[in-house]
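Please construct the entire structure, taking both the sequences and the accompanying hints into account.
There are 4 protein chains.
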Amino acid sequence: MIHSIVWLKHECTVQTVEGRRNWGILERLNAGEVVIGDGGFVIALEKRGYVKAGPWTPEATVTHPEAVRQLHREFLRAGANVMQTFTFYSSDDKLENRGQSLKYTGAQINEAACDLAKEVASEGDALVAGGVCQTPSYLSCKSETEVKAIFKKQMEVYIKKNVDFLIAEYFEHVEEAEWAVQVLKTGGKPVAASMCIGPEGDMHGVSPAECAVRLVKAGAQIIGVNCHFDPMTCVQAVKMMKAGVEKAGLKAHYMVQPLAYHTPDCNCQGFIDLPEFPFALEPRILTRWDMHKYAREAYKVGIRFIGGCCGFEPYHIRAVAEELAPERGIMPPGSEKHGMWGSALEMHTKPWVRARSRREYWENVMPASGRPKCPSLSTPECWGVTKGHADLLQHKEATSTQEMKHVLEMQKKAKSSA
Amino acid sequence: MIHSIVWLKHECTVQTVEGRRNWGILERLNAGEVVIGDGGFVIALEKRGYVKAGPWTPEATVTHPEAVRQLHREFLRAGANVMQTFTFYSSDDKLENRGQSLKYTGAQINEAACDLAKEVASEGDALVAGGVCQTPSYLSCKSETEVKAIFKKQMEVYIKKNVDFLIAEYFEHVEEAEWAVQVLKTGGKPVAASMCIGPEGDMHGVSPAECAVRLVKAGAQIIGVNCHFDPMTCVQAVKMMKAGVEKAGLKAHYMVQPLAYHTPDCNCQGFIDLPEFPFALEPRILTRWDMHKYAREAYKVGIRFIGGCCGFEPYHIRAVAEELAPERGIMPPGSEKHGMWGSALEMHTKPWVRARSRREYWENVMPASGRPKCPSLSTPECWGVTKGHADLLQHKEATSTQEMKHVLEMQKKAKSSA
Amino acid sequence: MIHSIVWLKHECTVQTVEGRRNWGILERLNAGEVVIGDGGFVIALEKRGYVKAGPWTPEATVTHPEAVRQLHREFLRAGANVMQTFTFYSSDDKLENRGQSLKYTGAQINEAACDLAKEVASEGDALVAGGVCQTPSYLSCKSETEVKAIFKKQMEVYIKKNVDFLIAEYFEHVEEAEWAVQVLKTGGKPVAASMCIGPEGDMHGVSPAECAVRLVKAGAQIIGVNCHFDPMTCVQAVKMMKAGVEKAGLKAHYMVQPLAYHTPDCNCQGFIDLPEFPFALEPRILTRWDMHKYAREAYKVGIRFIGGCCGFEPYHIRAVAEELAPERGIMPPGSEKHGMWGSALEMHTKPWVRARSRREYWENVMPASGRPKCPSLSTPECWGVTKGHADLLQHKEATSTQEMKHVLEMQKKAKSSA
Amino acid sequence: MIHSIVWLKHECTVQTVEGRRNWGILERLNAGEVVIGDGGFVIALEKRGYVKAGPWTPEATVTHPEAVRQLHREFLRAGANVMQTFTFYSSDDKLENRGQSLKYTGAQINEAACDLAKEVASEGDALVAGGVCQTPSYLSCKSETEVKAIFKKQMEVYIKKNVDFLIAEYFEHVEEAEWAVQVLKTGGKPVAASMCIGPEGDMHGVSPAECAVRLVKAGAQIIGVNCHFDPMTCVQAVKMMKAGVEKAGLKAHYMVQPLAYHTPDCNCQGFIDLPEFPFALEPRILTRWDMHKYAREAYKVGIRFIGGCCGFEPYHIRAVAEELAPERGIMPPGSEKHGMWGSALEMHTKPWVRARSRREYWENVMPASGRPKCPSLSTPECWGVTKGHADLLQHKEATSTQEMKHVLEMQKKAKSSA
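Chains as they are written, first to last, in the working numbering: chain A, 2 to 419; chain B, 2 to 419; chain C, 2 to 419; chain D, 2 to 419.
Think of the hints as simulated: they come from the structure by calculation, not from any bench.
Heads up, some of the hints might be wrong.
One copy or any two copies: either way a pair holds, since identical chains are not told apart in the list.
Below, computed lysine-lysine pairings styled on DSS-like, alpha-carbon distance capped at 25 Å [as the list claims (entries may be wrong)]:
{"#": "1", "residue 1": "Lys406", "residue 2": "Lys351"}
{"#": "2", "residue 1": "Lys388", "residue 2": "Lys153"}
{"#": "3", "residue 1": "Lys413", "residue 2": "Lys374"}
{"#": "4", "residue 1": "Lys374", "residue 2": "Lys416"}
{"#": "5", "residue 1": "Lys416", "residue 2": "Lys351"}
In structure tokens, the structure reads:
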């Protein structure tokens, strides 16, 4: 059934592709197209051995470009229409935070990231987006001027490299996100803004609706959320943003790039607060079938820029692209190696596995954890520490023994009151 | 503590490396070295978009060599001392089973695989192993002569490409494994034999101890198990094999390359029988901390060739290498991007995450599934269909509608009697 | 420690008991006393063999008075200060609903219930409360006059038997609860009103705060919730009621009598909607230690009439009484057979069980379900059928085959859309 | 369907009842009848407030006879054909163990127990069984003579009160069970012997098969297991006993009286070792539907004396009796208040509950725990302390502070090695 749809639409799609060869992100969204985002780089490359959990910085663009290029290609093959430069946390204040000493500047890392993203994007139907995200400087209560200077420095690389559009993403505080948007707007490219918040709003309690309105007023043409929560929670938060924007009589496009982890037990801080973060999240990883449900729900809500963040592997993005194949009129390249809804299991040698080669089977499977001594939900930490608190001030020096002693005491205290 | 050990041993290790530059697998094992295997290619590359679940064949060596090369590199970086050629299920009878039509012969795929493995192995301290595995022909009751011819054809490529040693792996029936070993022995290289069985033994009920004795008698110098069961179960099965070999007054080296999935609910057929196979296994994925326990246990039991199979990502292999760093006197290259036992979390911006930068925290975490509506164990399917049964006969033609109807009825029947 | 408190307060308590021998419910609450309610009769007696699940009617007061008397005694012994007459669902329209034919009238059953409650109350420090609850007539859209006549008929028995106070409980709709309170007020006894709602409010969406205000305005002196939700959820709902009453500048006493089942997965209809209701709720039963937490929380919120409903066994009530022993200055009689916080385990023959004879152990135990193939949460049914819908109309005749066929179709449909 | 069977058989059943009015336990079993046992007294009466967890002794027969009588009646009503005297742990050495000081002797308690059991048995079709169980004296390494004297003292009460037969139950060591049987045999009544062991055998590692043979050789006519494990595990153990007896060419009848708790995670010591014992076992309680499966399985295995132990409430016994109604030709009296397989839910007011009034629904329900932060399996304690170890020696004095300190250290040590 899907196949015929794809085929029928394919001819006109090919024409469309020709016709829109130079379309940017806004042209695509304005035309009602579904734009598939890419997945998460830091977590995927941490597992592959190229990113250090803790600082989470992207120096691999310089040190191991082949690994970054390969991941870009896999997401492209999975159907992604956006190659985000691998520049997460790549501001100079973050790169040298808490004792991390790298041989490369933010500018070097970001230039290399642009080159890689552009190289791969040119191999398919994808745009390149340069990104900035929240800074230790904001967390450390630096001034608006100081923080904006950091964003400007990063943006200048993206403009020089002529990316297709800009994304301010992974912001916990709407104020800092506004600052970022205001800076990015000066670049003359389309600007998207994405916060890492859930339905409870930002870390200062600003609701998703109000965050959305403020971001649109700051100049963002595309708004949404990324990271920190599971797909359904993120879609819910974007839905609230959309309602806020519409209620305010404003207009925007919407994006969502959630975690690929189930996080029903999170509080407003998201998966950072879960005791499993970041090294024991495995049991929470979404299946491809969960992704079908996510893509469908995001589409229903009116979101048209649909991608992923931490935890999203290429096959997760492919599942999003396969679910929306009827709407998009095209299957992702990577589906040549994937039977829709498990249909290629018909080629398995074992008869009981062949019997699983169908949608009804996979839509209804309730996957066991294989860990009977573990719970299904955790109690998130909730230290009540927000921006301004001494424990959130950052510094260049390594975390001191004194600081470590202090946080261990805090941890013990938090646990006993849970 | 670990650091000092590594450092102290490092000098002599470097010397050793020089001294044993040409050591093969047997020299290493005879000298008491720990040899780290690589992880699983089919599952990892399926998620990356290059292997089709169902046939599970490795034509990517020809079609997407950069993807295969990159995965080899990641395992090498994670500490692997063996690069297995990506030649799983790459016998001609399997490549064209049930309607799969590929443009490449087994020989073409296997040659490309050897080239990739050798290229990457030369970048570090690794050996290349060429492998054969069970065949549809055996399952379809073909003769010993016919089955052996298939193994011979594959082996000839490995000999031509001059790999370091040979592995007969993923055998459910000891009889077929013996045939494979007998053929591989003619190649003049060291031979390892690894069955995909658990403590209950092979599909005909032959115990691990007896399987072990028969494999050693057939000529295998290294024996063990791979795939189908979780690490602790596989270690247990190898322990039983070792006891059998010792009781018989024989000698062997031991290897283990288990799943990276928790499978406490499996029966003798392993994870194939779990309802989550192959598309909903995510919640069962082991954490890196689980891998520390596995590596330690395997070492204690006396196994010295320790690697992984389906589900093992590079960070899993790195965890094995890190756990055994004191014994090996060396840390894997990839650990430059990994704080031992989470120590790099000291560089995290959030104080409660910095508090997790220690071994005691991660050793005791009980990871939640985030899926409260799912169970922790499943009921494996148990059709009672073994070699010789009509439903296990294979053929070149695609699975027919009639066959599909039949297996769906079988599935329904099996479920109602569960 | 607890013991000394109890002892110290005991003397004055005895005096107080003398002094307040004739105190009613309001005198006790006005004086700030904690009043312990009893537990659930229908579920406990169903398990003992005297109540039929389905109709859930209390004819056992006539047919098996010794069983009802014994349960009263157990709750008295556990510390209950209120003996509720076992008159649940004992209105004539309910007693003959859907084909149930009993030999006894509502009046006969209720008179017997009063006699039993009074007999046992006189054996200790307890008051007798006569109760009415929601009616099939209201659900079937009968008029206010008709419904009020039903309450009046029941009340007349309680007045004749001279109970100490009246309770209108287990109402899903605040309108019907108001009618009940208005009728009960004519009896000249103190009136309590308790709805079976959670934080989402009644079945028509009236919030707990508004329900509370309306009940107080109707004349209830004590208000709260009972049944349908677990203790913490019920306490939360009463907290919302209290906030509503205080915001409206009104005054009331508060009561809570929750389920003894964990129900985090309920929607507004409560445990009725859970697929486990009523015959597979076992895994959800609260431990005595859960009850300690409940009692403490209810007390903190300002609730002073604290009891239980379905699922509460005598030992649950005893745990409530033990937790509040310091405040009440007295331990329940039944504690002679219970070591506070497990202390009597010191007398166990096994040393590892003796090691469990302490509060810290039991406060932190995380009890396993022993059911690894079952989930931890369910999906409640949600048919969207409310008062006025044809499927909720009741009748004297037995449920017809046609009706059963219809509900099975509804069930199938609901499941597929879950 | 069941109803017609019951009705058809009823006439002949009545005749049979007349004809066998004086049949004892052996006549019934010899005739192939199914004998339903009663449920657990200590746990049920602990929850009702009459037994102290820790010593677990039955002085309630003297102090609260009405509570004991009521529970007997409930089990009789549920279908039990055996009233076991409530004399568990009622040997003088146990009654005064570890500082417990009671006003009553074992003889007084046991005489009262006999009177109560006989009174209720006479109200229906039930036999009275007097019981002895393991002693602190055996655990404390007293001599065979001393231990046998304890059994003799208890038996003399039963003979004086003329019970119908004798049961030696709840023995962890077959040696002590043999001693008990040898003593009981001198009473001239039929003797049953039941050990609290699972498939791993007794605490000294004696297999179920060997235990069985030794008990039969000691003179027991009925053998089996009770307590310590869940129904399916106990049935499995009895199956092994039966195989042992048959292999030895001996003959016996078989009995099983398991826990009403799911215990898949137990080791050989049974539920005593679970961290939830005895105050957090609630989530493990079996549903009535679990009991149907148990009764059917026990019957299939050839067990004909089928009852329950700790955790069995009257409704559990009723479920056993209902499942075996076709074989027995009679429904239990208590079923007048129970719709077979939930059929009485047809009288419920809510349509979605009426839809649950059928066997298929309840047979397939997978009950959620409602505790998402708890695991599904626990790690049993395993101190490795067996008879002879100083920690298992008992004494009259209360457990000393020194002893408590010691066991807490042991507990901590055991936990860290788990």
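Going through the hints against the structure:
1. Taking the closest pair of Cα atoms, Lys406 and Lys351 come within 25 Å of each other only across two copies (15 Å); inside a single copy the shortest separation is 56 Å, beyond that limit.
2. For the homomeric pair Lys388 and Lys153, the shortest alpha-carbon distance inside one copy (22 Å) is at most 25 Å, but the shortest distance between copies (61 Å) is not.
3. Taking CA atoms no more than 25 Å apart as the test, Lys413 paired with Lys374 passes in both settings, with 23 Å inside one copy and 19 Å between copies.
4. In this homomeric assembly, Lys374 and Lys416 come within 25 Å of each other (Cα to Cα) both inside a single copy, at 20 Å, and across copies, at 14 Å.
5. Only between protomers do Lys416 and Lys351 lie at most 25 Å apart by alpha-carbon distance; the minimum there is 16 Å, versus 48 Å within a single protomer.
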